[in-house]
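Chemist: Below are the chains, spelled out letter by letter.
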Amino acid sequence: MNAIAGVEPQGLDLLDDESFRMVVRRWIEAAYPAELRNPPKRLHWAENRPWYFKLAEKGWLCPGWPLEHGGMGLGPTKQIVFTEELERHGCARCNDHGIIMLGPLVIRYGTEEQKAHFLPKILSGEHVWCQGYSEPNSGSDLASLRTSAIPDGDEYVVNGQKIWTTLAQDANWIFLLVRTDAAAKKQEGISFLLVDMTTPGITVRPIINLEMHDEFCEVFFDNVRVPRANLVGQLNKGWDMAKALLSFERIYLGSPRQSAYALTRLRQLAERMNVWEEPFFASTYARHRCDLEDLKALYGRYVEVLKRGQPLGADVSQLKIIQSELFQRITETMLEVAGENAGLMEPMEGNRNLSPAGQYIQARPSTIYGGTNEIQRNIISKNVLGLP
Amino acid sequence: MSTEAGIAPFSEDRAESIRMVRDSAAGIADGVARARALRFSLPGFSADVWRQMGGLGWIGLAVPEAAGGSGLGVAEMCALSEELGRSLVPEPLIGAALSAALLAAAGEAEILPRLLAGEAVVLTAWQDRANTLTPCTDPSATRRFIAMGAGATHFLLPVGDQLQLVEAGACEATHELTHDGGHLTTLRVPAGRAVGKAEILPALDRAALATAAYLLGGMEATFALTLDYLRTRQQFGKIIGTFQALQHRAADTKLHIALCRAAVEQAAAALDAGAGADEGAAMVSRAKARASEAAMLVGQACVQLCGGVGYTDDYDVGLYLRKAMVLAPAYGGAALHRARFMALSPEAEDA
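Those sequence lines, one after another, are chains W and E. To convert, note that position 388 of the first sequence is 388 in the working numbering; the numbers rise steadily by one, no gaps. To convert, note that position 332 of the second sequence is 332 in the working numbering; the numbers rise steadily by one, no gaps.
Bound conformation, chain E alone (with noise of 0.2 Å):
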């Protein structure tokens, strides 16, 4: 029984890496039941494991080693981040790879070392909507949909054409619990200690494709819990999956995850080879717009196949669809992205 769909597009030593990466998630990313105990609580993360995760290189995982970073690639994020995914890992490790990447591309050197060690939480707060993939620059503004920004210890902001970094401690800051255990924070900033310039938008992508891995990470454990299920419940006096009804919901399921699992790879490959800059944010765009429709396909279809059991809370499955409910729209949803890729993408001549 192979999980894979064929063979990635990676090479021999960067698929001999992404193991390392994937082997050294196992001590963190060990089932749901952490992520299960902090959940509705705040910050709703723990800062021992914080600090573990920054002594594994884990927060500068993609930042160069000349910024003090494990210097990896893409790919390997994105590994990381499907494993931490299974596990429905609540610490803001994405959110924080994006402020260390931004941090380390404007050449700032006093809290990066703090935050790649664990010992920050610097969270980028560059939304003020909702259904946005442009960044807010405006000084003013209220800074919406920081995930688990209770626990931030400073938050980094765009503005103008500079980075701010803000201590959490100056902000007026409100949490709205979600449906996965977190919640989004909202933001009221005081001016900031300018750190420096730089491009916000590809560091978006990648945090853009880190999610969708980190979904994709969730589609495969909740669809084995899944199978798991049908392989051993019965009724009528049989197991059930050897219903064609369900078999073939199940295998509907394990084709939007093998297409997923397609885009995101392809994607990491992409950027690591060093992709144009629109071909690029376009492949993230698609990969974006796949796990988050994917993702709620795959979680609705295995809360059904469940039954009454995968309603309750009790059963894990319904963790996993209710942190798609908010991670597919993070960083942007299916419609913006399919639409930003059209936007992209040119097509190739008429055939």
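Chain W extracted, bound-state conformation (with noise of 0.2 Å):
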């Protein structure tokens, strides 16, 4: 705790908007490491991690965490206009799991023992946290998730493995879901679970994704002993709690960032690839900027679900699909006019604002992460049309 020792963030949800939107610019400024701007790739922790530091030194690691468990405290609106500002900047993700998934999640279903001994080992960096939710053969249908959690004394002895776990090389530890009754219903035995990963039987190995980067794992868990006290919530209620969570996830992965970056990247590959005056360019570029224009237009009606503090409906997936669609039309027009350029490992002239092939398998897994656009498309048909 004493990482945010002598910092105030109260008085910053006094300030309105615009201004609480300067003094965040200002100190992102000031404060982020230049070498770090618009990274490539996701960042490890031993690259970002000066950068959490300094985040929570100021006090800002937190934004959506109330004042009392050591956030900012802020309302919906200013936490959007703290992501806005880190992305205007080109701020690299931080290892965020435990600040925007645990953190919320121990914040509403822990007990206060938890609270006390989590919240502030996030605060302070000493947890750094991943997510254990996918496994081989539950991918889509998380719900068929088979990893074990069975009690022995006053432990569970958690068997089984995870996969596509972000960043778990970088994690001290891990949240599970976890089966716990194998007779109930598939989405009524299953267990939210705490693990340190330092705990014996416990194997991580990166998985090299088409990025040629290790950004995902799997962990494999054998006769793992976890401490029963590291339930969260109540036994088989896992799912709901997880649940919960998923919603905010699309309205996240439906944010016009990603789409506004990537075409802020096409319109300086057109500039060097000298292509402005070809009709098809032209026209194509036009469409994907009123596209944009239009998702933004879209986000801002779920944004301002979010402001009046209503829940977000099944109609949010449709938010995810169209922004992660966009996304790869963007980077697929960029391979169009990069010609042989469109393959090159490398940024073209050791420009990083020209990487059309980075930038475009980039965009591949965001129709598959986050639930794949299909599973979205289930969801629209399903909970939102009234299709059988």
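Treat the hints loosely; a few may be bogus.
Said to hold, decoys possible - Here chain E is said to cover these stretches of chain W; the calculated rule only asks that three of the stretch's residues, wherever they fall, bring their Cβ under 8 Å from a Cβ of chain E:
(1) 317-326
(2) 376-388
What the hints assert, rightly or not - Calculated pairs, DSS-like style, for lysine-lysine (alpha carbon to alpha carbon, straight line, at most 27 Å):
(3) W:Lys-186 - E:Lys-238
(4) W:Lys-382 - E:Lys-197
(5) W:Lys-307 - W:Lys-243
(6) W:Lys-237 - W:Lys-185
(7) W:Lys-243 - W:Lys-115
(8) W:Lys-185 - E:Lys-197
(9) W:Lys-382 - W:Lys-243
Hints are computed from structural coordinates only; laboratory data are not their basis. We put the CB at the ideal spot given by N, CA and C, even for glycine.
Two chains, each in its own frame: build the complex with the hints.
Modeler: Below, the structure written as structure tokens:
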């Protein structure tokens, strides 16, 4: 907790939104390490921890957490402004699973002991979290997960395997969905468990993706003993708790930021490749811009739902589909414009802004993660359109 | 089940005013039977309904109260147009509202009250060619593509920097039927009576946006019919709405509609909030581009999802596609509006 001593984030909420934006902007511009701007790949803990600690020292690590737990206590609008400013400056994403996923969940469902133990350790950077949800045979059908936690004395014994665990090699704690009742209906036998990654029996194996990056891992559990006190919320209620966080994820994944960033890069590439005068390019670019502006308009309508403190409906899946597919189309145009440069591993001419292949490859998983777009379409047809 | 995507960018008061306008539409916009019955006839709309519309204050909905109108905004006009679009209402309300706005801006006070009351039908003959957003001001040019011109009592023309009014009976007019059951009129016009000056482009933008809203209402209605079909039609012993290929096509259709609503309502809110000339026009262009394209995509998807039945004239989904064929290009199609959006909307600094 020393990291945040002497800082008083109180009062930020009293500023009007635009003043708040300028305060945040000025601080980020002064504090953010220049060499980490617009990193071409997701950074590892060793690379982004200086930034994590800068945020922590300032007391600005957890914008959405209440003040009493060491957060900034910002309302939805200011949280969005804060995120926009980070993105505007090209700040790297931290190892933020503790901040955006676990913290809010513990605050909502955890015991007083759990809050007192885990929240300060996120703020201090002592605990770096990763998320253990997907399994090799439970991807889109997440509720079929089989990693088991069997009670044994004061402990659970965990066996199984997780996959697509983002930055697991950087983490020292993992939050898991585990099966605690094999006989119940699949959604009803799942619990939420916190596991120290240094416990014997855990193996982490990085997966190299199409970017040649080891962003994801497999995590194996072989008779891993976990204190019963590490269960969050009620036994067999883990699915409902995890689901409560997913609609937040869908609006996050529906934020226009990726597409906006890609469109800026496309513009720079178009300058370099001298294609502005090509009629095909002009009309394609105009279409992307209109698509982006319309997405922003739609996104704003969902932000308004959050601002009013109302729950997001299933229709927020629309945003995720529209955003990710636009992001992909923009990067596909990049490849077309790039010509023979399309396959280059490294940015063209050493200019980070001219990286058509990098952007294209990074856009591929956006229609897969966070629930594939096919799953999102299933959700819309069943829960929004009322199809059987 | 919500049909709204998130929350529209209107204040509480505005939202209430919009709800009242929507409710007031129910009496006239109550299904497509009336539109179907009037198809392929001249003038193709009802003089009685026209007077009713006048009585409800619709023709002058967005005309200032000082000029005899209802003094409401673009958002209300769009909501009304959307309701009319659901029922494919054939009366030329959007074209007449354009004329009313111009006459009011010009300070004309003779024909305007009759137009607002639904006693006259004044349509603006601003086009001399297809695929343009630029009004023709040449007095000798043949005016084209005037929707429902056979029912007009007067035509309003930009001539030089003036507006001229001519009686319909004094014009040489031909009418070509269109796929929606209406018609487009071509006019040779004698010299008219000058009625003052008005800026025509902002008024055309409001007509373009109202047309986008009309298309949006049509999309919602044809999609609702299609969803009913998917929920009831059986093949292979199953409700066809259980098939994932059809579910995903339906979900994609919903996305087009959601984006269209977001664009249309954002533009309406911006115009009502007094957006700058270029900014407002750029938003209208984006909304009309989206609506023109989405209406075709949605119309096509609905015909496809309803299979052979969707291709019959008896089934209503086809009416909406054929309306979209006529209205997608009206007041400028998608390509024209996207190009105008790009011209009017410089990009922000590079991130």
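Chemist: All the hints need checking, so say for each whether the structure fits it.
Modeler: Here is what the structure says about each hint:
Given as covered by chain E, the stretch 317-326 of chain W passes the check, having 3 residues with a CB less than 8 Å from a CB of that chain where 3 are the minimum. Coverage of a stretch by a chain is defined here by at least three residues with a beta carbon nearer than 8 Å to that chain's beta carbons; for the stretch 376-388 of chain W and chain E the count is 11, and the condition holds. This hinted pair checks out: Lys-186 of chain W and Lys-238 of chain E have alpha carbons roughly 26 Å apart, not beyond 27 Å. Distance check on the hinted pair: Lys-382 of chain W and Lys-197 of chain E sit about 54 Å apart at the alpha-carbon level, beyond 27 Å; violated.
The suggested pairing of Lys-307 of chain W with Lys-243 of chain W holds, with an alpha-carbon distance near 20 Å, which does not exceed 27 Å. Annotation: proposed proximity of Lys-237 of chain W to Lys-185 of chain W holds, straight-line Cα distance about 12 Å (limit 27 Å). In summary, the hint linking Lys-243 of chain W to Lys-115 of chain W is supported, as the alpha carbons are separated by about 20 Å, within the 27 Å threshold. Restraint check for Lys-185 of chain W and Lys-197 of chain E: not satisfied, since their Cα atoms lie roughly 73 Å apart, outside the 27 Å limit.
Distance restraint check for Lys-382 of chain W and Lys-243 of chain W: the Cα-Cα separation of roughly 17 Å lies within the 27 Å cut-off, and the hinted pair is therefore satisfied.
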